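Chemist: One letter stands for each residue in the lines below.
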Amino acid sequence: MFSRTYRAVITLPPVTWVAMFLLVPYILMFCYSFWSVSSLQVIVHSCSLANYRELLSKSVYLQTLFRSMWIAARVTLFSLLLGYPLAYYVSFQSGKRKDLLYQLVIIPLWVSYLVRAYAWKTVLGSDGVLNTLLQYIHVSQHPLGFLLYSPFAVVLTLTHIYTPFTFLPIYASLERIPRNLIEASHDLGASSWQTFRTVILPLSVPGVLAGATFAFVLSLGDFLAPLLLGGPSGIMISNIVVSLFGAAYNWPLGAAISFCMLAIVVGLLFFSERLEKKWSFR
Amino acid sequence: MAPADQQPQPSATTPLLSIRNIAKSFGKTSVLRDISLDVAAGEFLTILGESGSGKTTLLRIIAGFESADFGEVWMAGERLDTMPPYKRRVNTVFQHYALFPHLTVFENVAYGLQIAGRAKSEIEQRVTEALARVKMSSFAAARPANISGGQQQRVALARALINQPKLLLLDEPLSALDANLRRQMQIELKSMQREVGISFVFVTHDQDEAMVMSDRIALLRMGQLEQVATPREIYRYPATAYAAQFIGHTNLLRAEVKSGLARSHSLSWSTSLPDGPALFSLRPEDIRPASGAASAVSFRGRVKQRVFHGATELLQVESGDLLLTIRIAGKEQTAGELQLEFFTQDAVLVRESAVRT
Amino acid sequence: MELQVKQSRPLAWYAALVFAFLYLPIIILIVYSFNGQGVGGFPPRDLTLKWYRLLFSDGAIWDSVWNSLLVAAAAVAIALLFGIPAALALDRAEFPGKTLFRRIVLLPLILPGIITGLSLLMLFREAGVKLSLITIILGHGTALISVATTEIFAGLQKFERAQEEASLDLGANYWQTFRRVTLPNLRLSIIGAALLIFTLSMDEIAVSFFLIGRANTLPLEIWGRLRRGITPEINAISTIIFAFSLCAIVAWYRLRMRSESGQEITDELLRSTKL
Chain Y
0 MFSRTYRAVI
10 TLPPVTWVAM
20 FLLVPYILMF
30 CYSFWSVSSL
40 QVIVHSCSLA
50 NYRELLSKSV
60 YLQTLFRSMW
70 IAARVTLFSL
80 LLGYPLAYYV
90 SFQSGKRKDL
100 LYQLVIIPLW
110 VSYLVRAYAW
120 KTVLGSDGVL
130 NTLLQYIHVS
140 QHPLGFLLYS
150 PFAVVLTLTH
160 IYTPFTFLPI
170 YASLERIPRN
180 LIEASHDLGA
190 SSWQTFRTVI
200 LPLSVPGVLA
210 GATFAFVLSL
220 GDFLAPLLLG
230 GPSGIMISNI
240 VVSLFGAAYN
250 WPLGAAISFC
260 MLAIVVGLLF
270 FSERLEKKWS
280 FR
Chain G
0 MAPADQQPQP
10 SATTPLLSIR
20 NIAKSFGKTS
30 VLRDISLDVA
40 AGEFLTILGE
50 SGSGKTTLLR
60 IIAGFESADF
70 GEVWMAGERL
80 DTMPPYKRRV
90 NTVFQHYALF
100 PHLTVFENVA
110 YGLQIAGRAK
120 SEIEQRVTEA
130 LARVKMSSFA
140 AARPANISGG
150 QQQRVALARA
160 LINQPKLLLL
170 DEPLSALDAN
180 LRRQMQIELK
190 SMQREVGISF
200 VFVTHDQDEA
210 MVMSDRIALL
220 RMGQLEQVAT
230 PREIYRYPAT
240 AYAAQFIGHT
250 NLLRAEVKSG
260 LARSHSLSWS
270 TSLPDGPALF
280 SLRPEDIRPA
290 SGAASAVSFR
300 GRVKQRVFHG
310 ATELLQVESG
320 DLLLTIRIAG
330 KEQTAGELQL
340 EFFTQDAVLV
350 RESAVRT
Chain R
0 MELQVKQSRP
10 LAWYAALVFA
20 FLYLPIIILI
30 VYSFNGQGVG
40 GFPPRDLTLK
50 WYRLLFSDGA
60 IWDSVWNSLL
70 VAAAAVAIAL
80 LFGIPAALAL
90 DRAEFPGKTL
100 FRRIVLLPLI
110 LPGIITGLSL
120 LMLFREAGVK
130 LSLITIILGH
140 GTALISVATT
150 EIFAGLQKFE
160 RAQEEASLDL
170 GANYWQTFRR
180 VTLPNLRLSI
190 IGAALLIFTL
200 SMDEIAVSFF
210 LIGRANTLPL
220 EIWGRLRRGI
230 TPEINAISTI
240 IFAFSLCAIV
250 AWYRLRMRSE
260 SGQEITDELL
270 RSTKL
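Protein chains in written order, with numbering that gives the first Met the number 0: chain Y, 0 to 281; chain G, 0 to 356; chain R, 0 to 274.
No lab work stands behind these hints, which were simulated from the structure alone.
Incorrect hints may have been included.
[Claimed, not checked] No farther apart than 30 Å at their CA atoms in a straight line, the calculated lysine-lysine pairs in the DSS-like style are these:
{"no.": "1", "chain 1": "G", "residue 1": "86", "chain 2": "G", "residue 2": "119"}
{"no.": "2", "chain 1": "G", "residue 1": "165", "chain 2": "G", "residue 2": "134"}
{"no.": "3", "chain 1": "G", "residue 1": "86", "chain 2": "R", "residue 2": "157"}
{"no.": "4", "chain 1": "G", "residue 1": "303", "chain 2": "G", "residue 2": "330"}
{"no.": "5", "chain 1": "G", "residue 1": "189", "chain 2": "G", "residue 2": "86"}
{"no.": "6", "chain 1": "R", "residue 1": "157", "chain 2": "Y", "residue 2": "276"}
{"no.": "7", "chain 1": "G", "residue 1": "165", "chain 2": "G", "residue 2": "119"}
{"no.": "8", "chain 1": "R", "residue 1": "97", "chain 2": "Y", "residue 2": "276"}
{"no.": "9", "chain 1": "Y", "residue 1": "97", "chain 2": "R", "residue 2": "157"}
{"no.": "10", "chain 1": "G", "residue 1": "165", "chain 2": "G", "residue 2": "86"}
{"no.": "11", "chain 1": "G", "residue 1": "189", "chain 2": "G", "residue 2": "165"}
{"no.": "12", "chain 1": "Y", "residue 1": "277", "chain 2": "G", "residue 2": "27"}
{"no.": "13", "chain 1": "G", "residue 1": "134", "chain 2": "G", "residue 2": "189"}
{"no.": "14", "chain 1": "G", "residue 1": "27", "chain 2": "R", "residue 2": "97"}
{"no.": "15", "chain 1": "Y", "residue 1": "277", "chain 2": "R", "residue 2": "157"}
{"no.": "16", "chain 1": "Y", "residue 1": "97", "chain 2": "Y", "residue 2": "276"}
{"no.": "17", "chain 1": "Y", "residue 1": "277", "chain 2": "R", "residue 2": "97"}
{"no.": "18", "chain 1": "Y", "residue 1": "276", "chain 2": "G", "residue 2": "27"}
{"no.": "19", "chain 1": "G", "residue 1": "134", "chain 2": "G", "residue 2": "119"}
{"no.": "20", "chain 1": "Y", "residue 1": "95", "chain 2": "R", "residue 2": "157"}
{"no.": "21", "chain 1": "G", "residue 1": "27", "chain 2": "R", "residue 2": "157"}
{"no.": "22", "chain 1": "R", "residue 1": "97", "chain 2": "R", "residue 2": "157"}
[What the hints assert, rightly or not] From the structure, some residues in chain R lie toward chain G, with a derived Cβ separation under 7 Å:
{"no.": "23", "residue": "165"}
{"no.": "24", "residue": "167"}
{"no.": "25", "residue": "170"}
{"no.": "26", "residue": "172"}
[As the list claims (entries may be wrong)] Derived coverage of chain G by chain R (criterion: at least 3 residues anywhere in the stretch with Cβ under 8 Å from a Cβ of chain R; other residues may be distant):
{"no.": "27", "segment": "62-75"}
{"no.": "28", "segment": "87-93"}
{"no.": "29", "segment": "98-107"}
{"no.": "30", "segment": "111-119"}
Being a predicted model, the structure only gives us computed values, none of them experimental.
Built from N, CA and C at the ideal position, the CB exists for glycine as well.
Just chain Y, same shape as in the assembly:
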């Protein structure tokens, strides 16, 4: 029904733009990762695997990468532990307040990332709200040092940020479960817990996967929360990239690390997509 011209007009501009500003930059990143920096701080356009070799040989990179993944994994786990029961509660047991509660979960999503990270900083600091509160009610005499500038602070903040992200897809998948399935399950003699385990949980797997992917991928690449709240022990892989692109001035090495991150992320997306297909019964 649509003429060739029509299809060309709707296709060419976005394809051209996206190729220019998304595809080409990704390819460029890939190219950069094979280049190097001369002693005069000039980028040398000759290809070698030196950056990747360095990545694998210096333990700091791999260690930081693993620490980042470990932090991201904890964030994912906690977000699911907070998000799933919340989604279950809102979807099945909140009754008339359902819409209100749903929107209450959404609102923090709209609050600036930076504002939320900053809020935690004011809460967790050594003369922050939490420490002064603890002293005020005489639970502790001295400010607790581990609260701020630690991986703990990073995990806490990122969990706070990504819990609504994991809530949303889980909630959506719970909402899509036909309610008569649950009635059928009860009718066949299953208890509430059995119904949850054998009907609700399996049918909500796609939502859990989507939420987990979100939380893991986005926290893996985060560099602002660690800078703000992480301290030296909370440094993540993106912080290394930032310094390589800044003061350390080694763009090619930074590009190599970024490209590895890109590969990990894309790999994860494919993996979760395949899992999701396996678990979606529609």
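Take the given structure of chain Y and dock chains G and R to it, following the hints.
Modeler: Frame of chain Y, contents of chains G and R only:
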């Protein structure tokens, strides 16, 4: 493009619309195969077929929403299939009406005139007339979401006719209406078509609807035309076994002809056909309780089952190893063994319908 | 009818705790923007508007607010300009590389901002483009095409295709059909997308972080001050941003409520993970 000398000149004898050797497939599925069909000026032609027969695709090719893989469509001496839909003097009433939800009833009907750049006063006048003709004047300011299905149907009709097309296409326009409204709209549509004198090509899967409304029926099956004829002709003389079964009820009698005598199970009757196998269609109403007419084929049958339809009643009758359906007036009392008869001219020879995979 | 699942009291308490976790930091932030003693210290005391006064006389902050508004408006324009045709193309055109195109368009939704930011930084460096607000606009606009595309694609799925056919049938050409039928039907999706893109751009920091020239956007201005230490002025500006975000979400919901369910942001998130 066809060479210029093949271009038909419009005259009284040439049809308004001429579909020539149209073929279309979606991927590996062949939807239409070599369809050729003419529509005369002022004719009400129904394309009848089951879902998946390709009837909607054929309509969409005429309207210009699909392009054929092969073949041509001509209208009044003009090649149609190479034109974009908006240049064709063909308008469509869509299956679910496709009224613009963001426009009022008036604006919906006015749409075609506005696009054509008509003067405001002319638009005002013509839309008012068109709405009056479909009895929708009082709903001019309403939005499509706020009027009933039957009313939407009328607005869709007014909108499609406003540009004075040479040909109106209707894609199962009544399928969303309930039975009573549907019957009423069938009659209204038919009289509207008489009034405006525009050719209608009407697509439906409902054989009753086709019979009621059409000048001619084109029966489509699995992308091929089974028969094109008037309702009477197609009912009286179905060309194929499929046509006989799809339009009305029938009894198919598989017979063997031998020296002027057709024999099917326990029945036999004289025929002028050459020797060999033959397939006959015998309508249920053509079998009746025996009156003793000399020219009739008479046989005994036992009533197995009866289905009451009000004015008539359908009986399942067993005669030997033959099971026949017969239709009798609903008032008649029948049970047990019956003496039945039919006339040989009512047993119509039909072609075996091709079985396709 | 809501299903009668047996109410579980522990679950309700747990949900309340999660809500507390989500909201407490935000509430504390707002409360301390009125605290005369500055950030921290319990209990808050000396209610004051001092920080807001300080904020309103702070020229650098307002410059950055202006920059952010400019960037957000331009990003909305770019994202819609390419997102609308992109959604149309995904809906109704077949072309080689369509799957790749879809995946790449949507990638910035799920990709950490650092990767989008850095890859663009390299592009601009290789092309010899100086970093400025323009590069930030290009970055935001490009990354947020993903949001425009998903929103409008969803709108197209709900839109009855036969309406466009009806328009063509009545003599309107493709452009007239787009303007008079397609666009009005996508109105809600487009406004929704614009609102979302605007808010996301106002908040965006990871991409801007790498593409920044001399002029700061608001998040980067705040970021710069945070590195120097926390001040209640930032609580004050955060409170104002929060208030604006609330207005945006209320506007968004009222818009959605008029069309249909408020489920769509959820659906969008789900879609965006299915690259």
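Chemist: Are the hints correct? Go through all of them and say.
Modeler: Hint by hint, here is what the structure shows:
At most 30 Å may separate the alpha-carbon atoms for a hinted pair to count; residue 86 of chain G and residue 119 of chain G meet this at roughly 22 Å. Between residue 165 of chain G and residue 134 of chain G the CA atoms are separated by roughly 23 Å; this keeps the pair inside 30 Å, and the hint holds. Taking the CA atoms of residue 86 of chain G and residue 157 of chain R, the gap is about 28 Å. The hint holds against a cut of 30 Å. Restraint check for residue 303 of chain G and residue 330 of chain G: satisfied, since their Cα atoms lie roughly 18 Å apart, inside the 30 Å limit.
Between residue 189 of chain G and residue 86 of chain G the CA atoms are separated by roughly 27 Å; this keeps the pair inside 30 Å, and the hint holds. Annotation: proposed proximity of residue 157 of chain R to residue 276 of chain Y holds, straight-line Cα distance about 23 Å (limit 30 Å). The straight-line distance between the Cα atoms of residue 165 of chain G and residue 119 of chain G is roughly 24 Å, inside the 30 Å bound, and the hint therefore holds. Proximity of residue 97 of chain R to residue 276 of chain Y is assessed by CA-CA distance (about 21 Å); at most 30 Å being required, the pair is judged to hold.
Restraint check for residue 97 of chain Y and residue 157 of chain R: the C-alpha separation of about 25 Å stays at or below 30 Å, so the hint holds. Between residue 165 of chain G and residue 86 of chain G the alpha-carbon distance is near 12 Å, which keeps this suggested pair within the 30 Å criterion. Between residue 189 of chain G and residue 165 of chain G the alpha-carbon distance is near 16 Å, which keeps this suggested pair within the 30 Å criterion. For the given pair, residue 277 of chain Y sits about 28 Å from residue 27 of chain G by alpha-carbon distance, which is consistent with the 30 Å threshold.
With a CA separation close to 16 Å, the supplied pair residue 134 of chain G and residue 189 of chain G stays within the 30 Å bound. Distance restraint check for residue 27 of chain G and residue 97 of chain R: the Cα-Cα separation of roughly 21 Å lies within the 30 Å cut-off, and the hinted pair is therefore satisfied. For the suggested pair residue 277 of chain Y and residue 157 of chain R, the alpha carbons sit about 27 Å apart, so the restraint of at most 30 Å is met. Under the criterion of a C-alpha separation no larger than 30 Å, the hint pairing residue 97 of chain Y with residue 276 of chain Y is consistent with the structure, at around 29 Å.
With a CA separation close to 24 Å, the supplied pair residue 277 of chain Y and residue 97 of chain R stays within the 30 Å bound. Proposed proximity of residue 276 of chain Y and residue 27 of chain G is supported: the alpha carbons are some 27 Å apart, at most 30 Å. A threshold of 30 Å between alpha carbons decides the hint, and for residue 134 of chain G with residue 119 of chain G the separation of about 22 Å falls inside it, so the pair holds. A hinted pair counts as satisfied when its Cα atoms are at most 30 Å apart, and residue 95 of chain Y with residue 157 of chain R qualifies at roughly 28 Å.
As the CA atoms of residue 27 of chain G and residue 157 of chain R are separated by approximately 28 Å, the hinted pair is consistent with the 30 Å bound. Only pairs whose Cα atoms come within 30 Å are accepted, and residue 97 of chain R paired with residue 157 of chain R is accepted, the gap being roughly 21 Å. The beta carbon of residue 165 of chain R comes within 4 Å of a beta carbon in chain G, closer than 7 Å, and the hint placing it at the interface holds. At about 4 Å, the closest approach between the beta carbon of residue 167 of chain R and any beta carbon in chain G falls short of 7 Å, and the interface hint on this residue holds.
Annotation: residue 170 of chain R was flagged as interfacial toward chain G, and the flag holds, the nearest CB pair being 5 Å apart, inside 7 Å. At a threshold of 7 Å, the smallest CB-CB gap from residue 172 of chain R to chain G is about 5 Å, leaving the interface hint in force. Here the segment 62-75 of chain G counts 3 residues with a CB under 8 Å from a CB of chain R, which clears the bar of 3, and the coverage holds. Counting residues of the segment 87-93 of chain G whose C-beta sits closer than 8 Å to any C-beta of chain R gives 4, which meets the bar of three, so the coverage hint holds.
Against chain R, the segment 98-107 of chain G contributes 4 residues with a C-beta closer than 8 Å to a partner C-beta. That satisfies the three-residue criterion, and the hint holds. Evaluation of the coverage hint for the segment 111-119 of chain G: fulfilled, as 3 residues show C-beta separations to chain R shorter than 8 Å, against a requirement of three.
Checked against the numbered hints given earlier, the structure satisfies every one of them.
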